[in-house]
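Student: Just so you know, the sequences run in chain order A and Y.
For what it's worth, this note's numbering labels the leading residue of the first sequence as 2, then goes sequentially.
For what it's worth, this note's numbering labels the leading residue of the second sequence as 984, then goes sequentially.
These are calculated hints, taken from the structure and not from any lab test.
Be aware that one or more of the hints could be misleading.
Claimed, not checked - Some chain A residues judged to face chain Y by a derived CB distance under 8 Å, without partners named:
no., residue
1, Phe76
2, Tyr224
3, Lys258
4, Lys417
5, Pro515
Idealized CB from N, CA, C, for every residue including glycine.
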Amino acid sequence: MTFQTNEIPVKTFPEYSKVVLVGNPNVGKSLIFNHISGMYVEVSNFPGTTVSITTCQYKKYFIYDTPGIYGVSSFNDEEKVTKEIILKADIIISVVNALNLERDLFLTLQLIEMGKKVSVILNRIDELKKYQIKINSKKLSELLGVEVFTTSALTGEGLENIDEIIEKAREGKQDKFILEKIKHIKNFNLDKSTYLLLLEGDRDLINKYNLQISSEDVREEIYIHRRNRVKEIVDAVESKDTPAGIFFSNFGRLALKPVTGIPILIGILFLIYIFIGDFVSQRLVDFTENSIGKNIVEYNIKKFVSYYIPSEIEINILDNDENVIETINEKFPKGIIEESEKFKEIETRTSGKTKEANFKYQNPIVQFFFGEFGVITMTTTYLFFLLLPLIISFYLVLSFLEDSGYLPRLAALVDKTFTKLGLNGKAIIPIILGFGCVTMATITTRMLGTEREKTIATAILQFVIPCSAQLAVITVLLTAAGLEATVIYIVTILTIIILTSTILNKIVPGVSQPLILDLPLMSIPQIKNVLRKTYYRTVGFMKDATPLFFIGTSIIGLLQVTGLINYWINFLEPITTKVLQLPKESAVAFIMGMIRRDFGAAGLFHMSLTKYQVVVSLVTITLFVPCIASFLVMLKERGLKIGLTIWAGTWIFAFTLGGILSHILM
Amino acid sequence: MGKINIMKFTLNKAKRGQQLLVQQLPEGDYKLQLIRFGILEGETITCLDKIFGGTIIIQKNRLEIALGNDLARQIIVSSLN
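Please work from the sequences and hints to get the whole structure.
Tutor: The structure is reproduced here in structure tokens:
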């Protein structure tokens, strides 16, 4: 039984113990959770991947995976949600990165001081040798007063003891200083954890209990004392520190310096372009879409249908430049089955040649499902042979970037620029993720510190960032339209991003936080993890997209069959033809765009547009409303008022800017 | 005997590669977040890099942390070399 939820289902199962995995970002909690649950959770090398609590049932326990935090407090949403579940936990497994003991033990000590039953997992133990670090785990266990288990979550080493790790959890050594601080607890009807957090000035809890028992000095005193204890412990258990320089990868350093960092960024973008823009979206997709999708799959489905149903078959034979050199047109009023000889002859005549086959059906229902824009035939080709290869390649690149530890460095590199937009460099992470899936990225805005930053980042995501599916279709359309069109598109979108965020920076109330970001080690991503992540994300995407896609094309098909589509086309005509200077049929693309973003762009596929019209329509579609899924997530994350404002804003925004661009170009 | 007068300046003015002694942290939540990372008054840190004269990358032992310019301006340090 697994859940993925923001509401923690703790009350429902009182007979189970609640075991919570807690640790700093990027220590391997999710890998350990995967191991226990056998279910898949995304794992990456950057802060902020696990944005909600994930839980599974294991024997007589409920295991919870939590977002990475540096301490239990309320500095951001991740900390708040993790703190909630920690307060309710029966057992805490404190996961510690053996390479970063000094950073990680602060949290472990805090958990022990909270009076929780704790077991420590010292993870990534296999990497210690490489960096010539030795840790005396027995001594560590002695000093903390709890069991310490060494593991390598990547290889699974040490995780076979998971039952023992859970069962042996116990209350650790209580520090005299803290005991002294909490001696007045008996005057209150509170547990130790809550009391300590109140002393530490946790704002959520102060509001909840309406109780202020401490001053700024006290919380600072506690933090400093804890930090000093960490230092003492690390000095006692860790030996033979590496000289600086061996430890950090040079690449990580170079990625930070503007002189080398910007060329590295350009280099990475170029490689991505070569891979996705050139190799996948042109060569590979051309092969999958035309050779496999249209000529094999779609052709055979249509042929099968035509066996029994009257049809007219038109086959164009093409030369190497895709010019029609011969057209064969035959009618089969009783289906191929009655005239199979005639059909065989056509197939022999056209075999081995480049061709394009059109099947026309008299029956409107058959035409609706299997015709030129048939719900079944077109969607199949489009989903599996155009979109799928593109989505896989986008997720592959994203997963690789995430796992390399490059993204936090990119965040530092762009921090100054982002400050001008009312954000800090951290916001680059949801925005980059937005190029994968805007819906998912909207959820990751939780990692940002203030409501103001979350609102600005969400608005940028919903307004301007095209998701991978949409980007896939855009790439294909732009490559066809040429270099000039591509450049105009990119420049326009970048200008709009800067413009929007500058305006938002002025109008959204509140203050933004400066950056405090821990930079994880750069590492070459584990291929297994990258592939696994890509696989699960792709499957997730396809599961999500396929039904919506069929529904979407069916709606459009029905509107077409019933003629209702003309009302919409005429209604929007002043905007499409006068403002945007596009054919009035482009109104159809906008309806489709409301269902899924990529739909909208896909709707432009079959229109004959000039290169400037392609740019204008793509810019408008990019800026137009987000897909239904991300619209709903936005409402949930940002509330009805802000959510609806942003959504309605995209209508005005898209048509206004599209119109301006159109009149500049045409 | 008077105290030796040490030059104090804010972290955003630190030079690349400079070893620094943390003299004073800003009050409030940021201070606690910095303490969690082990950046305390009296600790030694290294200024690893400055990005566009804005964001500061500091190193403390095996930790590398990026600090925004607004925050670096509120941290007072002195030079150790």
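Student: For each hint, tell me whether it holds in the structure or not.
Tutor: How the hints compare with the structure:
| no. | hint | verdict |
| --- | --- | --- |
| 1 | Phe76 | holds, 6 Å |
| 2 | Tyr224 | holds, 4 Å |
| 3 | Lys258 | holds, 6 Å |
| 4 | Lys417 | holds, 4 Å |
| 5 | Pro515 | holds, 3 Å |
Violated hints are absent here; each numbered hint is respected by the structure.
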